[in-house]
Amino acid sequence: MSMTTSTRSVLDIRDLQVHFPVNRGVLFIKNKGAVKAVDGVNLSIAPGETVGLVGESGSGKTTVGRAIIGLVKPTGGVIEFEGNNVLEMNSAALRQFRRQVGVVFQDPYGSLNPRMTAERIISEPLVAHHLFNSKQERRARVQELLEIVGLNAGMASRYPHEFSGGQRQRIGIARAIASDPTLIILDEPVSALDVSIQAQIINLLDELQDRLQIAYLFIAHDLSVVRHASDRVAVMYLGKLMEVAPRDAVYDNPLHPYTKALLSAVPVPDPEIEKKRERTILTGDIPSPTNPPSGCVFRTRCPIADEACAESIPELREVTPGQHVACLKV
Amino acid sequence: MTTQTNTENDAAASADSASTILEVKNLSTQFRTRAGLVKAVDDVSFSVKEREVLAIVGESGCGKSVTALSVMGLIPTPPGEIVGGEIMFGGKDLLQASDDEMQEIRGGQMGMIFQEPMTSLNPVMTIGKQVAEPLRIHLGLSKAAARVRAGELLSLVGLPDPLEKLDDYPHQMSGGQRQRVMIAMAMSCEPKLLIADEATTALDVTVQAQVLELLIRVAEEFGTALIIITHNLGIVARYAHRVNVMYAGKIRESGTAADVYKNPGHPYTAGLLSSVPSLMQSTSGKLQSIEGEIPDLTDLPSGCAFGPRCPYVQDRCRLEDPPLENVGDDHISACWESAQFRGTT
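Those protein sequence lines, which keep their order, are chains H and R. Residues in the first sequence are numbered consecutively from 1, following my numbering. Residues in the second sequence are numbered consecutively from 1, following my numbering.
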């Protein structure tokens, strides 16, 4: 792929691979191959930019996010943060990196410790990175953070179960921004929330980005939400990128057959539009990542695949300016 | 792969003349919880016509699932209890029916599909036996005949190698395949009414589209009316003829899907619709969200339950709960300010 590795990127991922070994047996452990959760992904994020990463379950989108923050160890490739390879950092540099990269998880119930107060949860990154020396300063910062995310400073002493789902996600966001990060990995940040609450959280993330100039990697399966939130969108399928482009190109002029099918599968909340829309219904299920198809991984469900697609793996290449597509037929 | 244009909504017109098969009148279902009495469904009335697709839409706790469970006679008692109303189905009030009669109706004339196909299927029973079970119980087929019919049903719902699948167990299938099996079971006795409660919520979007298309196709083929319970406004727009919008245990708006989406009669419906970002155009800036939180059902605000979150709220809304009133042809809404609110949208 010819995506330029500009030094202006906050994050630059090159040929990222995360393969999980599959072992069978207890005493005589045999290696039975690997699940290629992420297989050769290239992606860069500019300062203050939001890159949406979409895909269905098993596409590897979450694993990309987890690899960036070090929750899984990549088996190959480069993750460059502000010009330095995260995978080769010493512990001091890693510490600095972790201060600058925040994360918000999907489940606002599971990702907050139920035995900690909101104040302790939010001040954890402050303590870990020795950001404030006195307890008073730290407390003031927590209260400021609570207000930034739209909660009351007085709620600091409450426990997670005393908050609603939307409020819990606000606490998760406060924790993520506590150490002034330049990049936040948002892993399905609104998919567990009700529609009316979703919009509030999306607005909050938007507002924080404007105010604090944070770049987002927005991982989600909801294509409407991703369109609204993102500057550029990357579409993943079975561990590989199918298409990467500015959001209008992806949504108004999708080039990869998978992107097209994915978009047409999403019902739009407007009966008049729905009446006129053409629907492409894919057949079959997503293949198992332990045994992905040869050649193009999408070919088994692709409406335009032929023999050539089984033989060579399509490279992601720039088809129109800024629009990268991995398909032999485009 | 199949490409098709939408034809389902055209069937809405023909559904008008059809007869009513389900009529729910003033249904109220309550739960006794430690936190207090929860009026999960409060004075809900609606009807379903033959071959109609009705959607019940709303957010968590709005009462959409409890409405469905009440109709199916599946409210766990205690803590739940249907405290009032009538559910007329096939000339009978289901609330007066005995347990045996309800057994007869469930899986016979009325079917239901749930969100999680893994937990709704028996993990230690083959697919063939499970699909054959309703055939043997309700239609009295012999073991061999039921197995043959089960194979036909599995092929009808588009499972690859249906005859081999008869001897498979649920864990050998994907989520989408399991939901197809659920549809085969629910449709096995050619029910008059099928309730799908968030049936595709757990599925990926391309699989969700497959399963919904299948559901609609099979329902049309068997002449079955559908109640689709969902929080997804897109699914409602794509498949439903009519829609009931629920909030805090009550229907706040009801009408044809086309009308409700084009000209919502309730500020909550309008708020929901504008909370969803568009897939068709890029938007920037703030989404029109609904302020505040979904109310606690044990401690509902007085007057209109949506009042505290409503941008059009007036003093009257805080005192009296508005009744459902006509706001158009076959379109009702419960809002004191609907005239003013609709004038401004």
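Source of the hints: derived by calculation from the structure; they are not laboratory data. Please note: incorrect hints may appear among the correct ones.
[Stated by the list, open to error] In silico lysine-lysine, BS3-like type, Cα no more than 27 Å apart, as pairs:
#1 R/Lys49 / R/Lys25
#2 H/Lys260 / H/Lys276
#3 R/Lys129 / R/Lys143
#4 R/Lys92 / R/Lys129
#5 R/Lys49 / H/Lys276
#6 R/Lys129 / H/Lys275
#7 H/Lys260 / H/Lys329
#8 H/Lys275 / H/Lys260
#9 R/Lys92 / H/Lys275
#10 H/Lys36 / H/Lys260
#11 H/Lys276 / R/Lys39
#12 H/Lys73 / H/Lys135
Now the hints, each set against the structure:
1. Restraint check for R/Lys49 and R/Lys25: satisfied, since their Cα atoms lie roughly 15 Å apart, inside the 27 Å limit.
2. Of the supplied pair hints, the one linking H/Lys260 and H/Lys276 holds, its CA atoms being roughly 16 Å apart against a limit of 27 Å.
3. A hinted pair counts as satisfied when its Cα atoms are at most 27 Å apart, and R/Lys129 with R/Lys143 qualifies at roughly 9 Å.
4. At roughly 31 Å between alpha-carbon atoms, R/Lys92 and R/Lys129 are farther apart than 27 Å, so this suggested pair is violated.
5. For the suggested pair R/Lys49 and H/Lys276, the alpha carbons sit about 25 Å apart, so the restraint of at most 27 Å is met.
6. Distance hint between R/Lys129 and H/Lys275 is unfulfilled; the C-alpha atoms sit about 39 Å from each other, more than 27 Å.
7. With a C-alpha separation of about 14 Å, the suggested pairing of H/Lys260 with H/Lys329 holds against the 27 Å cut-off.
8. At roughly 18 Å between alpha-carbon atoms, H/Lys275 and H/Lys260 fall within 27 Å of each other, so this suggested pair holds.
9. For a cut-off of 27 Å, the pair hint linking R/Lys92 to H/Lys275 is broken: about 37 Å separates their Cα positions.
10. Restraint check for H/Lys36 and H/Lys260: the C-alpha separation of about 24 Å stays at or below 27 Å, so the hint holds.
11. Distance hint between H/Lys276 and R/Lys39 is unfulfilled; the C-alpha atoms sit about 40 Å from each other, more than 27 Å.
12. Only pairs whose Cα atoms come within 27 Å are accepted, and H/Lys73 paired with H/Lys135 is rejected, the gap being roughly 35 Å.
In this structure, the hints that do not hold are numbers 4, 6, 9, 11, 12, in rising order.
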